[in-house]
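Peer 1: Those protein sequence lines, which keep their order, are chains F and D.
Count the first sequence with my numbering and you get residues 26 to 418, in order.
Count the second sequence with my numbering and you get residues 3 to 283, in order.
In case anyone wonders, no lab produced these hints; they're calculated from the structure.
Warning: the hint list may mix true and false statements.
[Claimed, not checked] These stretches of chain D come out as covered by chain F in the derived footprint (C-beta under 8 angstroms, 3 or more residues): (1) 54-66; (2) 97-103; (3) 170-181.
For clarity, every value in this text was computed on a predicted model and none was experimentally measured.
Even glycine gets a Cβ: it sits at the ideal position worked out from N, Cα and C.
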Amino acid sequence: MKTIYFDNNATTKLAPEVFEEMQPYFCDLYGNPSSMHHFGGQVAKKIIEARMRIAKLLGAKSPSEIIFTSCGTESDNAAIIGTLRSYPQKKHIITTKVEHPAVLNTCRYLHQKEGYQVTYLPVDSSGQLDLNELREAITSDTAIVSIMYANNETGVIFPISEIAHIVKEKGAVFHTDAVQAVGKIPFNLQESPIDMLSLSGHKLHAPKGIGALYLKEGTKFEPFLIGGHQELGRRGGTENVASIIGLGKACELASLNIAEEQNKVKTLRDKLENSLLQRVPSTRVNGDRMHRLPNTSNISFEFIEGEAILLLLSDRGIAASSGSACTSGSLEPSHVLRSMGVPFTHAHGSIRFSLSRYTTEEEIATVINELISIVDRLRAISPFGPKNKVSIH
Amino acid sequence: MWNYSEKVMNHFRHPHNVGEIENADAVGEIGNIVCGDALKLSLKIDQKTETILDAKFQTFGCGSAIASSSALTEMIKGKTLDEALKINNQNIAKYLDGLPEEKMHCSVMGMEALEAAINNYRGIQAPEKQVEEGTIICNCFGVTDQKIIRIIKMNNLTTVEQVTNYTKAGGGCGQCKPEIEKILAEVLRKEKEKKKTPPRKMTNLEKIRLIQETLEKEIRPALRADGGNIELVDVDGNTVYVKLTGNCQNCPSMGFTIETFITQKLQRSVNKDLEVKEVKE
Numbered sequence: 026m027k028t029i030y031f032d033n034n035a036t037t038k039l040a041p042e043v044f045e046e047m048q049p050y051f052c053d054l055y056g057n058p059s060s061m062h063h064f065g066g067q068v069a070k071k072i073i074e075a076r077m078r079i080a081k082l083l084g085a086k087s088p089s090e091i092i093f094t095s096c097g098t099e100s101d102n103a104a105i106i107g108t109l110r111s112y113p114q115k116k117h118i119i120t121t122k123v124e125h126p127a128v129l130n131t132c133r134y135l136h137q138k139e140g141y142q143v144t145y146l147p148v149d150s151s152g153q154l155d156l157n158e159l160r161e162a163i164t165s166d167t168a169i170v171s172i173m174y175a176n177n178e179t180g181v182i183f184p185i186s187e188i189a190h191i192v193k194e195k196g197a198v199f200h201t202d203a204v205q206a207v208g209k210i211p212f213n214l215q216e217s218p219i220d221m222l223s224l225s226g227h228k229l230h231a232p233k234g235i236g237a238l239y240l241k242e243g244t245k246f247e248p249f250l251i252g253g254h255q256e257l258g259r260r261g262g263t264e265n266v267a268s269i270i271g272l273g274k275a276c277e278l279a280s281l282n283i284a285e286e287q288n289k290v291k292t293l294r295d296k297l298e299n300s301l302l303q304r305v306p307s308t309r310v311n312g313d314r315m316h317r318l319p320n321t322s323n324i325s326f327e328f329i330e331g332e333a334i335l336l337l338l339s340d341r342g343i344a345a346s347s348g349s350a351c352t353s354g355s356l357e358p359s360h361v362l363r364s365m366g367v368p369f370t371h372a373h374g375s376i377r378f379s380l381s382r383y384t385t386e387e388e389i390a391t392v393i394n395e396l397i398s399i400v401d402r403l404r405a406i407s408p409f410g411p412k413n414k415v416s417i418h
Numbered sequence: 003m004w005n006y007s008e009k010v011m012n013h014f015r016h017p018h019n020v021g022e023i024e025n026a027d028a029v030g031e032i033g034n035i036v037c038g039d040a041l042k043l044s045l046k047i048d049q050k051t052e053t054i055l056d057a058k059f060q061t062f063g064c065g066s067a068i069a070s071s072s073a074l075t076e077m078i079k080g081k082t083l084d085e086a087l088k089i090n091n092q093n094i095a096k097y098l099d100g101l102p103e104e105k106m107h108c109s110v111m112g113m114e115a116l117e118a119a120i121n122n123y124r125g126i127q128a129p130e131k132q133v134e135e136g137t138i139i140c141n142c143f144g145v146t147d148q149k150i151i152r153i154i155k156m157n158n159l160t161t162v163e164q165v166t167n168y169t170k171a172g173g174g175c176g177q178c179k180p181e182i183e184k185i186l187a188e189v190l191r192k193e194k195e196k197k198k199t200p201p202r203k204m205t206n207l208e209k210i211r212l213i214q215e216t217l218e219k220e221i222r223p224a225l226r227a228d229g230g231n232i233e234l235v236d237v238d239g240n241t242v243y244v245k246l247t248g249n250c251q252n253c254p255s256m257g258f259t260i261e262t263f264i265t266q267k268l269q270r271s272v273n274k275d276l277e278v279k280e281v282k283e
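Pulled out of the complex, with its shape left as it was, chain F reads as follows (with noise of 0.2 angstroms):
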């Protein structure tokens, strides 16, 4: 059975154009790039076409604002931990209820363990949040303003360049957790006031355990990985090189595709969002659906659960997400869900699907009726709805 892998932001294929560049430095080049042998030094080449290739992607100033991480989550433990070192004075944090788990427990972390304050900004049940309310959290004693650019789970779009505005004015740094909003819609870093940004590249198309932190030109930064020289003194350790040189690749490829992303996956996810919509009662669209990465919709299907609904549609070869209680690993529904006010009785049905570029028209087809199948069957199960009632065996 072929898969239909509508499942982008839990992670995405490699894309073969960023496999085979990464092919010849596992067991051919594999020289260290810090060498002062050719060897080692056409490694370090490679390494800064990377670099020149995601500043480009990022519309960063400077390729030496790039900073390869092992993940989007060290991204932003470095950013966050790494802002707190240089203003030791300053004990706030302000995020949102909604962020990622990599931002969300750090900062409860810091709060638990180190004693900072920390600010979760409430979301709207649009999933939006209120910028007066981020105006007057930020106080002289904010180190870190961190607030994630695009939510993995609904795909609402923050009006990042205007938080980051906010927060300048108030004198503290901004970063921002941009793992699913990077190589899906455009950046322009040098025009930005973003401090820091987080990326990560199994979300675009490159290899898992590879990520990058923006860190804008003469922004403040102790290393979070302490260690050799590497990474201008801001990440010690061995450059994961082939990965590295993916992600460059997987960024190139980005900048080319995401005119196409923005308008061919846009125009598939609306298409299979609208279909649902139309064709299956009790049925609603989770977060604003104006501001939303074009790859990503979250429905909610009332009166079944999801984790039923994600069996079912993976006995038939596609996988998707849920925000349900049942796979979010613990009893309740997502907090990202529940942040928005978002009824139990919809949280617990809700799935998220998440396109790519290489989604086809016949994929999307193939999931609208395998789903209006699938609700249909679940819901002459369940006990609560609409009833007409048939008996299946």
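Fit chain D to the known structure of chain F by using the hints.
Peer 2: This is chain D only, laid out in the frame that chain F set:
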């Protein structure tokens, strides 16, 4: 992804007895849509013999909730109400070849729906009133101390995490976890005290059963690992006669194995005066 057994997946993919019995003699409803799972069980009961003639279910929930409900209906059909009441959550999980620990609450839901339906039939209590028994400990999921104590005892639970897995209590905001810990400690303390009181003398039948169980669970797996096996031949007073088969038959270290391993295990589980003798062909 959950590691569900084939049987769970089969009952989930092809649930048995879905629906609602018209003019049902008994209905049991447990859970609600806010909690994330709910089960409505309806029964057709023969008034004279109190036998369950038919059972149907409707479930809102995950794969294992649907599978547990389907399994329950299969297990109770044809049973009398008293027989059905003996089914506990362990039996449901076992019927499905086990459930992941985190999903044990699904089997508890099945057991509770059955009890609610039978109570409903016997006019003991309206099902919705049952929740009020005891004091609510977990506000997120409305779980009472009575339920927590009962499930701890029924399943021999020893950690707060297990209590959450089996009852959902503590799985929301988590504020009640210290309270659950207190209840758990109290139950465990009482159980320990009970064990201290000297056991009454075992009947012969109980003794033989316990010997068989010890052989099955603690001794046979170890021998099998070396390609051997053991059979119980007879029990006479405190003498246990066994026959060793497979690789054990000619194993030079068998004398030692009987003396130390088998005898010690049996003495520990049954009584300290037991003696083990090997029977040869």
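Peer 1: Does each hint fit the structure? Answer for all of them.
Peer 2: Structure-based check of each hint:
Look at the region 54-66 of chain D against chain F: 6 of its residues bring a Cβ nearer than 8 angstroms to a Cβ of that chain, three or more, so the hint holds. Figure legend: the region 97-103 of chain D, annotated as covered by chain F; annotation inconsistent (0 residues with Cβ-Cβ distances under 8 angstroms, at least 3 required). Counting residues of the region 170-181 of chain D whose C-beta lies closer than 8 angstroms to any C-beta of chain F gives 3; at least three are required, and the coverage claim holds.
Checked against the numbered hints given earlier, the structure breaks only hint 2 and satisfies all the rest.
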